[in-house]
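Reminder that position 70 of the sequence shown reads as 70 in UniProt numbering, one-by-one numbering, no gaps.
Calculated from the structure, these hints are not laboratory results. Ideal placement from N, C-alpha and C gives every residue a C-beta, glycine not left out. Be aware that one or more of the hints could be misleading.
In the DMTMM-like style, the derived pairs of lysine to aspartate or glutamate whose C-alpha atoms are separated by at most 20 Å in a straight line are [to be verified]:
| no. | residue 1 | residue 2 |
| --- | --- | --- |
| 1 | Lys-67 | Asp-8 |
| 2 | Lys-70 | Asp-7 |
| 3 | Lys-70 | Asp-8 |
| 4 | Lys-19 | Asp-8 |
| 5 | Lys-67 | Asp-7 |
| 6 | Lys-19 | Glu-37 |
Computed Cβ-Cβ distance ranges for the label pairs, DEER-style [unchecked claim]:
| no. | residue 1 | residue 2 | range |
| --- | --- | --- | --- |
| 7 | Trp-9 | Thr-29 | 25 to 31 Å |
| 8 | Asp-7 | Pro-36 | 46 to 52 Å |
| 9 | Ile-42 | Arg-10 | 27 to 33 Å |
| 10 | Glu-37 | Lys-2 | 50 to 56 Å |
| 11 | Arg-10 | Val-56 | 23 to 29 Å |
| 12 | Ile-30 | Asp-8 | 17 to 23 Å |
| 13 | Glu-37 | Trp-9 | 27 to 33 Å |
| 14 | Pro-28 | Arg-62 | 42 to 48 Å |
| 15 | Arg-62 | Leu-27 | 33 to 39 Å |
| 16 | Val-56 | Asp-8 | 33 to 39 Å |
| 17 | Glu-37 | Val-6 | 41 to 47 Å |
| 18 | Lys-2 | Ile-30 | 35 to 41 Å |
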Amino acid sequence: MKLRLVDDWRHWWRWNSTKVIVALGALPTIWFELPPEWKAEIPSSWMRIGAVVLMVVGVLSRMTLQKPPKDKRDGK
């Protein structure tokens, strides 16, 4: 199996799925950095629910067609 880049790989930072994946990756770091008092106020199930929601949104955003950006200053 050979890996190939998608045609618009240079615009990876514009993709909604990339933004969701970054948020999903940042979620544990944000949780660990919260003060213990704040963590005590947040139900622990919210972390699991939030991760699942972000995962589903990421998959759906990867499957749907995004509108092209109005800004055409990408060098093409």
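Structure-based check of each hint:
1. This hinted pair checks out: Lys-67 and Asp-8 have alpha carbons roughly 13 Å apart, not beyond 20 Å.
2. Our distance criterion of 20 Å between C-alpha atoms is met by Lys-70 and Asp-7, whose separation comes to about 19 Å.
3. A C-alpha spacing of about 16 Å is found between Lys-70 and Asp-8, which places the hinted pair at or below 20 Å, so the restraint holds.
4. Restraint check: the Cα-Cα separation between Lys-19 and Asp-8 comes to about 16 Å, which is no more than 20 Å; the hinted pair holds.
5. Between Lys-67 and Asp-7, the direct Cα distance comes to roughly 16 Å. Compliance with the 20 Å bound is thereby established for this hinted pair.
6. A distance of roughly 29 Å separates the Cα atoms of Lys-19 and Glu-37; the hinted pair therefore is violated under the 20 Å criterion.
7. In this structure the hint that Trp-9 and Thr-29 lie 25 to 31 Å apart at CB holds, the actual value being about 26 Å.
8. The given range of 46 to 52 Å is respected by Asp-7 and Pro-36, whose C-beta atoms sit roughly 47 Å from each other.
9. Checked against the hint of 27 to 33 Å, the pair Ile-42 and Arg-10 fails, with Cβ atoms roughly 38 Å apart.
10. For the hinted restraint 50 to 56 Å between Glu-37 and Lys-2, the CB-CB distance of approximately 51 Å keeps it satisfied.
11. At about 27 Å, the CB distance of Arg-10 to Val-56 agrees with the hint of 23 to 29 Å.
12. The hinted window of 17 to 23 Å between Ile-30 and Asp-8 is violated, with their beta carbons roughly 30 Å apart.
13. Take Glu-37 and Trp-9: their Cβ atoms lie about 43 Å apart, and the range 27 to 33 Å is violated.
14. Taking 42 to 48 Å as the suggested C-beta distance range, the pair Pro-28 and Arg-62 does not conform, at roughly 21 Å.
15. Separated by about 18 Å at the C-beta atoms, Arg-62 and Leu-27 break the suggested range of 33 to 39 Å.
16. Hint check: Val-56 to Asp-8, Cβ distance near 24 Å, so the stated range 33 to 39 Å is violated.
17. As the Cβ distance of Glu-37 to Val-6 is approximately 45 Å, the hint placing it in 41 to 47 Å holds.
18. Look at Lys-2 against Ile-30: about 37 Å separates their beta carbons, and that is inside 35 to 41 Å.
In terms of the numbered hints stated before, the structure departs from hints 6, 9, 12, 13, 14, 15 and 16, listed from lowest to highest.
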